[in-house]
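Student: Produce the complete structure using the sequences and hints provided.
For the protein sequence lines, the chains are B and X, in the order given.
Take our numbering: the final residue in the first sequence is number 384, and no numbers are missing along the way.
Take our numbering: the final residue in the second sequence is number 252, and no numbers are missing along the way.
Treat the hints as calculated values from the structure; they're not laboratory data.
Just so you know, not all the hints are guaranteed correct.
What the hints assert, rightly or not - List time: in silico EDC-like cross-link candidates among lysine to aspartate or glutamate, alpha-carbon distance up to 20 Å:
1. B:Lys5 / X:Asp122
2. B:Lys78 / B:Glu140
3. X:Lys61 / X:Glu5
4. X:Lys199 / X:Glu5
5. B:Lys222 / X:Asp92
6. X:Lys139 / X:Asp153
7. B:Lys365 / X:Glu5
8. X:Lys71 / X:Asp92
9. B:Lys339 / B:Glu267
10. X:Lys123 / X:Asp108
11. X:Lys141 / X:Asp183
12. B:Lys222 / X:Asp183
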Amino acid sequence: MNVMKDRMTLLIFAAVVLAAPLLFAPTGAAYPDLLQRFAIYGIFAIGFNILFGLTGYLSFGHAAFLGVGSYAAMWMFKLLSMNIIPALILSVIVAGLFSLVIGYISLRRSGIYFSILTLAFAEMSYKLAYSVLTPITNGETGLQLDLADSRIMDAPIAEGTLPSTNLFGFEMKEVFWNPTILGYDLQFNYGFYVCAALLILSFYISMRIFRSPFGLMLRAVKTNQTRLNYTGIASRPYTLAAFVISGMFAGLAGGLLATMDPSVGAERMQWTVGGEVVLMVVLGGSGTLIGPVLGAVFIRYFNSVLSQINEQTLHGWFAFGPDWLTNAMVFIVEPFVGKGWELTLGALFMIVVIFLPGGLVDGAKRIGRKLSGADRRAAKVGIA
Amino acid sequence: MGILEVQNVNKRFGGLQALNNVNLNVEQGSVHALIGPNGAGKSTFLNCLIGKLKPDTGSVKFDGSPVLGKKPHEINQLGVSRVFQTPEIFTDLTVFENVMIPCFAHRDGAFKVNAFARVMRDKEIRAQAEHILEDMGMKEKMNAHSGSLSRGDKRRLEMAMCLVQEPKLLLLDEPTAGMARADTNNTIDLLKHIGETRKITKVIIEHDMHVVFSLATTISVLAQGAIIAEGLPDDIKGHPKVREAYLGEAEV
Numbered sequence: 001m002n003v004m005k006d007r008m009t010l011l012i013f014a015a016v017v018l019a020a021p022l023l024f025a026p027t028g029a030a031y032p033d034l035l036q037r038f039a040i041y042g043i044f045a046i047g048f049n050i051l052f053g054l055t056g057y058l059s060f061g062h063a064a065f066l067g068v069g070s071y072a073a074m075w076m077f078k079l080l081s082m083n084i085i086p087a088l089i090l091s092v093i094v095a096g097l098f099s100l101v102i103g104y105i106s107l108r109r110s111g112i113y114f115s116i117l118t119l120a121f122a123e124m125s126y127k128l129a130y131s132v133l134t135p136i137t138n139g140e141t142g143l144q145l146d147l148a149d150s151r152i153m154d155a156p157i158a159e160g161t162l163p164s165t166n167l168f169g170f171e172m173k174e175v176f177w178n179p180t181i182l183g184y185d186l187q188f189n190y191g192f193y194v195c196a197a198l199l200i201l202s203f204y205i206s207m208r209i210f211r212s213p214f215g216l217m218l219r220a221v222k223t224n225q226t227r228l229n230y231t232g233i234a235s236r237p238y239t240l241a242a243f244v245i246s247g248m249f250a251g252l253a254g255g256l257l258a259t260m261d262p263s264v265g266a267e268r269m270q271w272t273v274g275g276e277v278v279l280m281v282v283l284g285g286s287g288t289l290i291g292p293v294l295g296a297v298f299i300r301y302f303n304s305v306l307s308q309i310n311e312q313t314l315h316g317w318f319a320f321g322p323d324w325l326t327n328a329m330v331f332i333v334e335p336f337v338g339k340g341w342e343l344t345l346g347a348l349f350m351i352v353v354i355f356l357p358g359g360l361v362d363g364a365k366r367i368g369r370k371l372s373g374a375d376r377r378a379a380k381v382g383i384a
Numbered sequence: 001m002g003i004l005e006v007q008n009v010n011k012r013f014g015g016l017q018a019l020n021n022v023n024l025n026v027e028q029g030s031v032h033a034l035i036g037p038n039g040a041g042k043s044t045f046l047n048c049l050i051g052k053l054k055p056d057t058g059s060v061k062f063d064g065s066p067v068l069g070k071k072p073h074e075i076n077q078l079g080v081s082r083v084f085q086t087p088e089i090f091t092d093l094t095v096f097e098n099v100m101i102p103c104f105a106h107r108d109g110a111f112k113v114n115a116f117a118r119v120m121r122d123k124e125i126r127a128q129a130e131h132i133l134e135d136m137g138m139k140e141k142m143n144a145h146s147g148s149l150s151r152g153d154k155r156r157l158e159m160a161m162c163l164v165q166e167p168k169l170l171l172l173d174e175p176t177a178g179m180a181r182a183d184t185n186n187t188i189d190l191l192k193h194i195g196e197t198r199k200i201t202k203v204i205i206e207h208d209m210h211v212v213f214s215l216a217t218t219i220s221v222l223a224q225g226a227i228i229a230e231g232l233p234d235d236i237k238g239h240p241k242v243r244e245a246y247l248g249e250a251e252v
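Tutor: Here it is, written out as structure tokens:
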């Protein structure tokens, strides 16, 4: 738990994130859109981990905060400016306020009742966004940029073109460097580096929270709330603070999704999105620092790579044997890829939960311990 | 005037009168034992003191201020700590972290968002925690995972967590329940040690007469929800009503 070790972790993390366009090249994932999604869902999962990993309160409603963040950012793009700064600030604030209200009510209960309350709120938010609040959310069409938007801070744009999101003039979509290294065609764009910087900042904040007295209290909430109360600590303000912090992270992630692709529909608030972040955190290792990011990258990667594999690709893979073998292999594998990629995800999730309850981080630690010999010290929460 | 004053407390659960006009006055610096047969209402009474249950009528004053209707953490912040029948500790955390939590609670109050401070860099809190662990003879175990401690060590740790807050009143709910005689004697020694080094008023709820007569300066006897006798240990031993209600069953 010492400070030097934390600094090293942060440094390595930052280096890996900043080099991502290069590092992911061999995996076929190094295109800007996907890398940005890695970073954004990483932020989402880091925030969720502050609530779920530390306090153990399992919320299924964080999609609502993601969606609210996106809507808030979109309104800033429409009304104020295409600069992402005001958009991101508003999305964090609005998501924070929204999570304060939902958290205040949901945290009156704990355990499964809390989870169900958050689930109910997320579904309500989705339905509201989908129909009732159409003037704000544009209902099922979704909120998009429009030529008629006021954008009072921006200079007028050329006739007939929609403006793009930017950071003080640097367009998020713009690829500023396009080298060929080791035969890979690499793309470095501004959007990814904005998300990467915020991911590193989020990681740093979560690290500080983990090491702080506040974080210690949150872990105490998870372990024994009775003792905590009889020790003179009011547990509810702590859980509410954790809930709001995680909601703000979700809002930031939502805002960033809008900066990447300035349009948002109600489906971003659906509870399945909130369920996905639970999968990310559990898969990576809840209560660990790096786990949520790993989980987010893993799931996003599987999502994009597996879902693009089709029958022809499979025939290409299994072309080594006789026809009947190829056909048989394709028949077996096909349901798990393409549209059925979630089947693979489900199977993987089950394997991890059953054999590696501590997630991927736990798996990495076990391998590390095997390699380093008989280091029998119990894995402590919050290292990694 | 006592540090804890309980007046006319009644508590009814449906048809059962769990507490019937209970009055209790705990003197500053005393070790006040509350004894009574099973179902006499001892635990109900303790839960009324600590904010877990609210009595139907009556008043409870701690250090001159009423505590009825206050939440457990508020009552703790006034200076009341509680040791549970089965040790309640933070089993996922290390021994050291366990002891630091009450230190933070004592210094920073019931809620403080100090999300950018570092636990391990807080010299004041570390010193307090190390000091109490040394005093309780647990210093060499401070980095152990508290869930893996023996039962006796868990009790010791819980005691350390209560004492580090320097409470004015320590409530002990059957601290030796389910312990072997050797462990019981260790606990008695521990409590005596605490009594020698600190002037903390204690209220002990206990079943084991051996423990009660080793520690208590005053004894109150609760039977069927009412206090039937109160006095010095020697008076209680010979009290006919007490013998009838309780001690007759056990050999003293």
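Student: Next step is simple, just say for each hint if it's right about the structure.
Tutor: To see whether the hints hold, each was checked on the structure:
| no. | hint | verdict |
| --- | --- | --- |
| 1 | B:Lys5 / X:Asp122 | holds (18 Å) |
| 2 | B:Lys78 / B:Glu140 | holds (18 Å) |
| 3 | X:Lys61 / X:Glu5 | holds (5 Å) |
| 4 | X:Lys199 / X:Glu5 | holds (19 Å) |
| 5 | B:Lys222 / X:Asp92 | holds (9 Å) |
| 6 | X:Lys139 / X:Asp153 | holds (12 Å) |
| 7 | B:Lys365 / X:Glu5 | violated (55 Å) |
| 8 | X:Lys71 / X:Asp92 | violated (25 Å) |
| 9 | B:Lys339 / B:Glu267 | holds (18 Å) |
| 10 | X:Lys123 / X:Asp108 | holds (15 Å) |
| 11 | X:Lys141 / X:Asp183 | holds (19 Å) |
| 12 | B:Lys222 / X:Asp183 | violated (30 Å) |
This entry does not satisfy hints 7, 8, 12, going by the numbered hints stated previously.
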